[in-house]
Amino acid sequence: GENVEQHPSTLSVQEGDSAVIKCTYSDSASNYFPWYKQELGKRPQLIIDIRSNVGEKKDQRIAVTLNKTAKHFSLHITETQPEDSAVYFCAASNSGYALNFGKGTSLLVTP
Amino acid sequence: DAMVIQNPRYQVTQFGKPVTLSCSQTLNHNVMYWYQQKSSQAPKLLFHYYDKDFNNEADTPDNFQSRRPNTSFCFLDIRSPGLGDAAMYLCATSRTGANTDTQYFGPGTRLTVL
Numbered sequence: 001g002e003n004v005e006q007h008p009s010t011l012s013v014q015e016g017d018s019a020v021i022k023c024t025y026s027d028s029a030s031n032y033f034p035w036y037k038q039e040l041g042k043r044p045q046l047i048i049d050i051r052s053n054v055g056e057k058k059d060q061r062i063a064v065t066l067n068k069t070a071k072h073f074s075l076h077i078t079e080t081q082p083e084d085s086a087v088y089f090c091a092a093s094n095s096g097y098a099l100n101f102g103k104g105t106s107l108l109v110t111p
Numbered sequence: 001d002a003m004v005i006q007n008p009r010y011q012v013t014q015f016g017k018p019v020t021l022s023c024s025q026t027l028n029h030n031v032m033y034w035y036q037q038k039s040s041q042a043p044k045l046l047f048h049y050y051d052k053d054f055n056n057e058a059d060t061p062d063n064f065q066s067r068r069p070n071t072s073f074c075f076l077d078i079r080s081p082g083l084g085d086a087a088m089y090l091c092a093t094s095r096t097g098a099n100t101d102t103q104y105f106g107p108g109t110r111l112t113v114l
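Residue numbers (the numbering used here), protein chains in the order written: chain A, 1 to 111; chain B, 1 to 114.
Heads up, some of the hints might be wrong.
Restricting the straight-line Cα-Cα distance to at most 25 Å, the calculated cross-link-like pairs of lysine-lysine (DSS-like) are [said to hold, decoys possible]:
no., chain 1, residue 1, chain 2, residue 2
1, A, K103, B, K17
2, A, K71, B, K17
3, B, K44, A, K22
4, A, K42, B, K38
5, A, K58, A, K68
6, A, K57, A, K103
7, A, K68, A, K57
8, A, K57, A, K71
9, A, K103, A, K71
10, A, K57, A, K22
11, A, K22, B, K38
12, A, K71, A, K22
13, B, K38, B, K17
14, A, K103, A, K22
15, A, K22, A, K42
16, B, K52, A, K42
17, B, K44, A, K42
18, A, K68, A, K22
19, A, K68, A, K103
20, A, K103, A, K42
21, A, K103, A, K58
Just so you know, the hints here were simulated from the structure itself, not pulled from any lab data.
Model the full assembly from the supplied sequences, consistent with the hints where possible.
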C-alpha cells in the first residue's frame with residue numbers, strides 16, 4: 001500500500017518567515033495530494049491540493065509543489081502569521097478511496 | 001451552514017459498554033467515511049460507504065461497525081470499547097468517491113473510555 005512520510009515533525013518559525021513541509025510517497029500511481037490544517041481540537045481543513053497533472057499550485061500565501069519523478073511534494077507558507085500555528089497533514093491518494101496521511105507537522109509561528 | 005455534523009462532540013463510555021457515534025451531512029455527497037485519530041497521530045480510515053455499499057479497511061477491528069440508513073446519516077458503532085479505542089472519531093464525506101475528490105471532515109467526536 002501507499003506509504004507517506006512527512007518531515008519535519010515539528011517546525012518553529014518567526015512571524016513573517018517562510019515555512020516548508022516536505023512529504024514523500026511510495027506509490028507511483030498516486031495522483032492526488034491534499035494538505036490539511038488541523039488546529040487543536042478541531043477538524044482537519046483542506047487548505048490546498050494538487051493533482052498529478054500539474055507541478056505547482058498557489059493560493060495567496062500557500063503553495064504546493066509536486067515532483068512526480070522523485071515522488072515528493074511540499075507545502076510552502078510565506079509571510080507566516082501566528083494563526084498559521086497548527087498541525088499540517090499531507091496525504092496521497094491513488095485509485096482507492098483512502099487518503100494516506102503523513103504523520104503530521106506541528107508548526108509554531110512565534111510573534 | 002454546517003456541512004458535516006457530528007454528535008455528540010464528546011462521549012464518555014465505560015469499558016465494554018456499547019457506544020454509537022453519529023454523523024450527518026447536508027452536502028448530499030455519495031461517500032461517507034469514518035476515521036480514527038489518536039492523540040498526535042494522523043487520521044486512520046476505518047471504513048467508508050459509497051451510497052449503501054459498505055467497505056471495510058482490512059485492519060479495522062471487528063469491534064467497529066457502521067450503518068448508513070440514508071444518504072444524510074452514518075453511524076459508527078463500537079460494540080465493546082476498550083481503553084485503546086479512546087480517540088477522536090472523524091466523519092468525512094466526498095461527492096463521488098473518485099480519489100481526486102475533496103474529503104470534507106466533520107468536527108469529530110472525542111471518545112473517552114473509563
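Status of the hints after comparison with the structure:
The hinted pair formed by K103 (chain A) and K17 (chain B) fails the criterion: a straight-line CA distance of about 31 Å is larger than 25 Å. Our distance criterion of 25 Å between C-alpha atoms is broken by K71 (chain A) and K17 (chain B), whose separation comes to about 45 Å. Between K44 (chain B) and K22 (chain A) the alpha-carbon distance is near 20 Å, which keeps this suggested pair within the 25 Å criterion. At roughly 13 Å between alpha-carbon atoms, K42 (chain A) and K38 (chain B) fall within 25 Å of each other, so this suggested pair holds.
Proximity of K58 (chain A) to K68 (chain A) is assessed by CA-CA distance (about 18 Å); at most 25 Å being required, the pair is judged to hold. Annotation: proposed proximity of K57 (chain A) to K103 (chain A) holds, straight-line Cα distance about 23 Å (limit 25 Å). Distance restraint check for K68 (chain A) and K57 (chain A): the Cα-Cα separation of roughly 14 Å lies within the 25 Å cut-off, and the hinted pair is therefore satisfied. Among the hinted pairs, K57 (chain A) with K71 (chain A) is consistent with the structure: their alpha-carbon atoms are about 16 Å apart, no more than 25 Å.
As the CA atoms of K103 (chain A) and K71 (chain A) are separated by approximately 17 Å, the hinted pair is consistent with the 25 Å bound. Straight-line distance between C-alpha atoms of K57 (chain A) and K22 (chain A) comes to about 15 Å, which keeps the hinted pair within the 25 Å bound. At most 25 Å may separate the alpha-carbon atoms for a hinted pair to count; K22 (chain A) and K38 (chain B) meet this at roughly 22 Å. Straight-line distance between C-alpha atoms of K71 (chain A) and K22 (chain A) comes to about 11 Å, which keeps the hinted pair within the 25 Å bound.
Under the criterion of a C-alpha separation no larger than 25 Å, the hint pairing K38 (chain B) with K17 (chain B) is consistent with the structure, at around 20 Å. Our distance criterion of 25 Å between C-alpha atoms is met by K103 (chain A) and K22 (chain A), whose separation comes to about 11 Å. Of the pairs offered as hints, the one joining K22 (chain A) and K42 (chain A) holds, with about 23 Å between alpha carbons and a cut-off of 25 Å not exceeded. The straight-line distance between the Cα atoms of K52 (chain B) and K42 (chain A) is roughly 28 Å, outside the 25 Å bound, and the hint therefore fails.
Straight-line distance between C-alpha atoms of K44 (chain B) and K42 (chain A) comes to about 16 Å, which keeps the hinted pair within the 25 Å bound. Between K68 (chain A) and K22 (chain A) the alpha-carbon distance is near 14 Å, which keeps this suggested pair within the 25 Å criterion. Taking the CA atoms of K68 (chain A) and K103 (chain A), the gap is about 21 Å. The hint holds against a cut of 25 Å. For the suggested pair K103 (chain A) and K42 (chain A), the alpha carbons sit about 17 Å apart, so the restraint of at most 25 Å is met.
Of the supplied pair hints, the one linking K103 (chain A) and K58 (chain A) holds, its CA atoms being roughly 23 Å apart against a limit of 25 Å.
Hint compliance for this structure: hints 1, 2 and 16 are not met, and every other hint is.
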